[in-house]
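Letter by letter, the chains look like this.
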Amino acid sequence: MALLMKGNEAIAEAAIQAGCRLFYGYPITPSTEIPEYMAKKMKDAGGTYLQAESEVAAIYMVYGAGAVGERVMTGTSSPGFSLMQEGISYLFAAEIPSVIVDVMRGGPGLGGLGPTQADYFQLTKGGGHGDYHAMVLAPATVQEMVDLTKLSFDLADAYRNPVILAVDGILGQMMEPVEFPSYEGQKLEPKAWAASGAEGRPKNNIVSYYLTNEVGEAENRRWGQKMARIKATEQRFAEYQMADAEYAFVAFGTSSRITETAVDMLREEGIKAGLYRPITLWPFPEAGLAARLNQIKGWISIELSAGQMVEDVKLVVNGKAPVGFYGRQGGMTPEPEDIVTAFKAQLLGGVQA
Amino acid sequence: MKPIFTKTAGLTERPFHYCPGCTHGIIHRLIAEVLEELNLIEKSIGIAPVGCAGFCETYFACDMIGAAHGRAVAVATGAKRGRPDRVVFTYQGDGDGASIGLAETISAAARGEKITSIFVNNAIYGMTGGQMAPTSLIGQKTATSPYGREAATMGFPLDLPKVLTQVKGAAYVASVSVDTPQAIQKAKKAIKKAFQVQLDGLGYSFVSILSTCPTNWGVNPVEALEWLQTKMKPYFALGELKIPATEGGGEA
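Protein sequences, first through last, are from chains A and B.
Under the working numbering, the very last position in the first sequence is 353; numbers go up by exactly one each time.
Under the working numbering, the very last position in the second sequence is 252; numbers go up by exactly one each time.
These are computed hints drawn from the structure, not numbers from a lab.
Remember, it's a predicted structure, so these values are computed and weren't measured experimentally.
Quick reminder that beta carbons are idealized off the backbone N, C-alpha and C, glycines included.
The reader is advised that the hints may include incorrect statements.
[Said to hold, decoys possible] Covered stretches of chain A, as calculated for chain B (at least 3 residues, CB under 8 Å):
id, stretch
1, 51 to 57
2, 62 to 72
3, 200 to 207
[As the list claims (entries may be wrong)] With the Cβ distance kept under 7 Å, some of the chain A side facing chain B (calculated, not the full set):
id, residue
4, Leu22
5, Tyr90
6, Ala195
7, Ser196
8, Gly197
Input sequences plus hints: build the corresponding full structure.
See the structure below:
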């Protein structure tokens, strides 16, 4: 049976269904429906919602709960996500499974409440100190928010890594029909590493430091191998009208939905355009994009930012075709006509933007 | 022959790395003895700080989690809410608990988190090489107060346990020292009481312990004890500052 649900609430419900019984958060617009839903529903689910004193405290509560082996989540919006960056670096180094939702809003600074994708750099490039990546999943519909939230808990446990759901303010706030298929989940090993009390076993320590540079390098290399494993196995993307496309848009989340309309408009004019939609922002789905390189005459990245993902697109295209960019900022979204105009100007020999 | 004193099972075999005359070792042993006496070694989760005690996860025989600087109490909150059947404690220095982690300490106390914090106050940042702490005394010379701590520009030392007595969710607040055998006995009693308060589910329990840092104070171990006794003890409130309401205690 389909339900009509807000994106933020759908994420919260999906988390509970995936076995998340601990939520720590600090209210911030436009993500507040997540803590509100958790505050209401966790009790009946036998779990705990706790309002932290700050996003800094919230991410370390996540760290503590993940370290004792529990499924745990926090949700926030861009300024709060910035505050969590230190903690995410620690979560990575201590290899604590954790799920973090970032409902992005306009920045920099206090910014505005409108939607944006301008957290792309801090989501995908580490964001905090040191060499690390969280896995980043970018849903484009409320249904996908449900499915990817459930997946994110399995991925976090399987790789012992933080997983971030990257959502913008529109997706968080919009209502769509959504279904909650029964959740099987992956078969995962018991968390023998957890510091949950040393009853009947040797004690466990969970730390994120090393005392010698040699150990530091060895640890970083081990983490690097894990990152390589994730890159090799977890790239996800979707394609729209790509089979015979000569030109391709690259867009995720809300901007991908607007771009779909732009693709349709160009197709009506007889221009063979398609859309390549990354679902994992990290790892960036390089393989699927590279597979289209011989076919595509020009690429253009459509983002709600000054152009962040376009750098990853350029790295994969590597000069084999022109790569354009069009974006809106500060909480504004483009009209499909704006995207069509930018495409023509940049890739069909019109006036350069 | 019957042994009359043995090393506590609450500690591992690893030798302490602490400087001669530092009292971290004594405090570690007291906590470990309490864990053993209350039969909590396998039921406890300790949270290690950043600072001189940042490697204490290798010393305590229970499960341990290393936190970021100042975040031990938040980590403890997350762990305890995840496993309410476990005993969760933090071991923190003055910088960790009273400066960078002050918001976490006060907020956990206000929530009445059922965790125990052991707060080691040596009036200086030891790990980083002797800089001014939130608890450094007026006139105290440190690497970042080379002319002495001046109240007009650097403010006053924070007496955190005294502040915590004003916070309703803090069920037990004690301020002790480990400078004499008698003081050590009292300190152990306070630590044991703090763990018992957690076991009884009464709220947040907090034990501040005045400690020495001969290396960064620039004195020998004997002089360090004298400095603690003549300079620190007069400034910081000492004793059981707040006892549980069940024993007639309340806000100060």
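Right, here's what the structure says about each hint:
Residues of the stretch 51 to 57 of chain A with a Cβ under 8 Å from some Cβ of chain B number 5, which satisfies the need for three, so the listed coverage holds. Under the rule that three or more residues need a Cβ within less than 8 Å of chain B, the assignment of the stretch 62 to 72 of chain A holds, with 10 such residues. By the rule of at least three residues with a Cβ nearer than 8 Å to a Cβ of chain B, the coverage given for the stretch 200 to 207 of chain A holds, with 6 such residues. Because the closest C-beta pair between leucine 22(A) and chain B is about 6 Å apart, less than 7 Å, the hint holds.
The beta carbon of tyrosine 90(A) comes within 5 Å of a beta carbon in chain B, closer than 7 Å, and the hint placing it at the interface holds. For the restraint placing alanine 195(A) at the interface with chain B, the shortest Cβ-Cβ distance is roughly 4 Å, inside the 7 Å limit, so the hint holds. The beta carbon of serine 196(A) is positioned within 7 Å of a beta carbon in chain B (closest approach about 6 Å), and the interface hint is therefore held. For the restraint placing glycine 197(A) at the interface with chain B, the shortest Cβ-Cβ distance is roughly 5 Å, inside the 7 Å limit, so the hint holds.
When the structure is compared with the earlier hints, no violation turns up for any of them.
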